[in-house]
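Student: What follows is each chain in one-letter form.
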Amino acid sequence: MSSHVLRPLWVVIIIVILILGARFIIVPPDFGIQERGFMYGYHRKSNEDDWKAFKVKYRTRKYCKDCHPDKYEPIMSSKHRIIQCENCHGPAVDHPEDPPKLVVDKSRSLCIRCHARLRYPGTERAKIKGIDPEEHNTGMECSMCHNPHKPDMEGW
Amino acid sequence: MTEAWSYPEALWTVKDLFVYPNEYIYWSVQIVMYPLMTGLVAGAFVLSSLYHVFGLKDLKDMAKFSLVFSFALLLVAPMPLMFHLQQPLRGMEVFFTPHFTSAISAFGIVFFSYSIVVATEIWFVYRKFFVEQALALKGKEGLGNSLKQKLYALLTLGAYDISEKALQKDEKAVKILAGIGIPVACFLHGYAGFIFGSVKANALWMTPLMPVIFIMSAIVSGIALCMLTYIVIMEWKKFRIKTSRKAWDVTAAEVGGAEVDLIRKTSRYLIGFMIAAITLEILDLVFRGYTAVKSWEILRSVIYGKDFVDIFILQYTIGNLLPFIMLVLPGLTIRRTAIALVLVIFGVFMMRWNVVIGGQAFSLSFAGYMHYKLPFIPENIETYKEGFFGALTIGVMPFALFWVINKFIPSLKYHK
Amino acid sequence: MSISRRDFLISTLKIAAASALPLSAFKILSPAEARASVEASTVRWGFIVDTYKCVGCGFCVKACKLENEVPYEAPVTRTWVERYLILKDGRMVADTPLGGRDGFTSLEIQEEVVKPEDVAKAFFVPKLCNQCENPPCVQVCPVGATYQTADGVVLVDRTWCIGCGYCIMACPYGVRFFHPVYKVAEKCTFCYHRINKGMKTACVGACPFGARQIGNLKDPNDPVTKTIMTQRVAVLKDEYGTKPQVYYIGLDENVR
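Residue numbers (my numbering), protein chains in the order written: chain A, 1 to 156; chain B, 1001 to 1416; chain C, 2001 to 2256.
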């Protein structure tokens, strides 16, 4: 039957073929249903490796230990041993290659994260020695009087 | 960390009380325009199908116009999404790797099928016209004529048979397509409702009534816009007949008479669908208040507090009740209808607004609010796209498109 | 002409059918197959937050932002810390200034100064992606740009996300946002690059008080698994049926 009625169907078929063709070219070959099924696991498999290859920046204190034992030892015998070096010194990334020097955050705002006094009942925060940052020696860096590596001592 | 970044959502979101840090009004005015547009498409198509399928003869003149107008709207319907997407160039992925558990991806497929149905139906309705034009323009002088001839020849798809038998086949095809089109149109817009209704994280959106409410209000807005556009065009015709010195084949009174008659008949269908839409919306509201689950406390404070004016004054009173009374009162005139229609469309817009923006007016914490400041002055591309002028662009586009399409596929003839 | 047209039509259909066959989109795994492949994995990442231990220093938020390259000044964050105060008059006030990035350093909360004497109980609650067993954010992605790995972590493919924001809307916990630079959906990955190298997540490492722990829920000897198995733990918003895999110790009913 060579009826003209089917003409629009051809147009549709051509469009569908074009879309499928474009799909074939554009969609990565490893795109498909993975372990978690169609609902939760429909994706490009290699994207998992993309995420695994993301750059690690915080290397943890193990990374600092060998080159800086003079700093590492005293802090590890103080109350501040629970704080990672990088929390104050910044992420090591590939130090000493990149960056060659880490910038220490000596600001008051760093110390008052824990030491601004908030005596809320039932919190661990209430047990931390604290000050009122609005009143306690305003405008001065904490490290002018307190050694963050020897927090129990007043002065250096 | 020195990389350039921006967070435009923070420009138009005002947070109040306890709101999670990542919460913003992510779906703004374009997502209001998007269901409004698809609603208009669906509504316009249903209007045209009422004639083709159910043989409602009084809608004959409206049918052709609303079919072509629905095509113009159809082309614009994806535009709000394009404006909204952070990566508009990747929009085609919905067709490449559809994830069918998502209402949006299913929408892509339904939208595609629906476009085909509408375009094909137009083709069958206008095939005779295309053939006649292609033949009449053949061999005529001038670049314009030759281009026009080529376009019409292309539009015929090579089917030049306009014998009585062939035209009967066309008519049959139109009827079938219009029949298929109604459920597809409802499906299309039901899906738009499903996109919202299925979001379990959003207390205001999640209701199985959402798709049905969306379909009803879609038909209301579609019929209203078709009627309004029809009125405007007819009035313009009358105005031109009266003011020009040229001789016209009809008189202004004849045009006007046909117009009033048609408008009165169509408005009856409009009223019917309006009743259905409002009933469902009220049912939803009553049910929420009566069951009063965990989220009701914050919802009530939004519905009866923060959004009271938007919902009860602008949407229900000005957008629904007032035009309803205007349409029901006897002695319906063109002017009164036109005002009522504008209010109806405004009411549907406000309904979309109150769903989309209202659904983001409260925090997932149920302990805070977010207020949406519609960006007016387009300071950058983001505040244009997601702002007043972006919405205006989308609102104007279908009319501009219809004007262009109507040059080649004329859908407005007047009665003799 | 009519014969060749017919042939053309048939061959087009054949090509269409053939090109559709290898489409992985239509290769649906049977439920049994899917379950088997999931059970085959020996790792399922899970997380514990001990709200008794958190003091609200916000080092976790800082570390997360720097580790995962979320612009430091942008108002969004993969993990954050909330402060809840239940006052003696029964009122609840909560806040999370800058997501707790700079810690909690003031008695001012929601523009009022609340004296500790007026507080009946208080707690700091760290939040992060719950890496749900049934992630609604993944379910709604229209293009397969976000997904769950075999070991239970929900990730976003930055090269494929169209930025529609549907996943942001679908998450009941508000953990998703648009990346302020890449303009695609962004979320906590449990530091997928670290946990796959035998490291802890950046937030776990940065927490001085041990309020955060990550572990393999499929390993019965993992300390995290042991804690979940032997202690009373709760999850956030379980009414959504998402099966969150971040377990909280000391979760109060006031926590949202």
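There's no promise every hint is true.
A few chain A positions that, by computed beta-carbon distances, are all more than 12 angstroms from chain C [unchecked claim]:
1) Y72
2) H80
3) I82
4) E97
The calculated DSBU-like cross-link candidates involving lysine-lysine, where the alpha carbons are at most 30 angstroms apart (straight line), are [to be verified]:
5) C:K2243 with A:K101
6) A:K45 with B:K1200
7) B:K1200 with B:K1128
The hints are simulated quantities; they were obtained by calculation from the structure and are not laboratory data. Here a beta-carbon is modelled for each residue, glycine too, at the ideal position from N, C-alpha and C.
Student: All hints are to be evaluated individually against the structure, with a verdict given for each.
Tutor: Outcome of the hint check:
Consistency note on Y72 (chain A): stated as away from chain C, and its beta-carbon is indeed over 12 angstroms from all of that chain's, at 16 angstroms minimum. Here H80 (chain A) does not stay apart from chain C, with its beta-carbon only about 8 angstroms from theirs, under the 12 angstroms limit. With a least CB separation of 4 angstroms from chain C, I82 (chain A) falls inside the 12 angstroms interface cut-off, contrary to its annotation. The claim that E97 (chain A) lies off the interface holds: its Cβ sits roughly 18 angstroms from the closest Cβ of chain C, which is beyond the 12 angstroms cut-off.
In summary, the hint linking K2243 (chain C) to K101 (chain A) is not supported, as the alpha carbons are separated by about 45 angstroms, beyond the 30 angstroms threshold. Annotation: proposed proximity of K45 (chain A) to K1200 (chain B) holds, straight-line Cα distance about 28 angstroms (limit 30 angstroms). Taken as a hint, the K1200 (chain B) and K1128 (chain B) pair is broken in the structure, with Cα atoms around 50 angstroms apart against an allowance of 30 angstroms.
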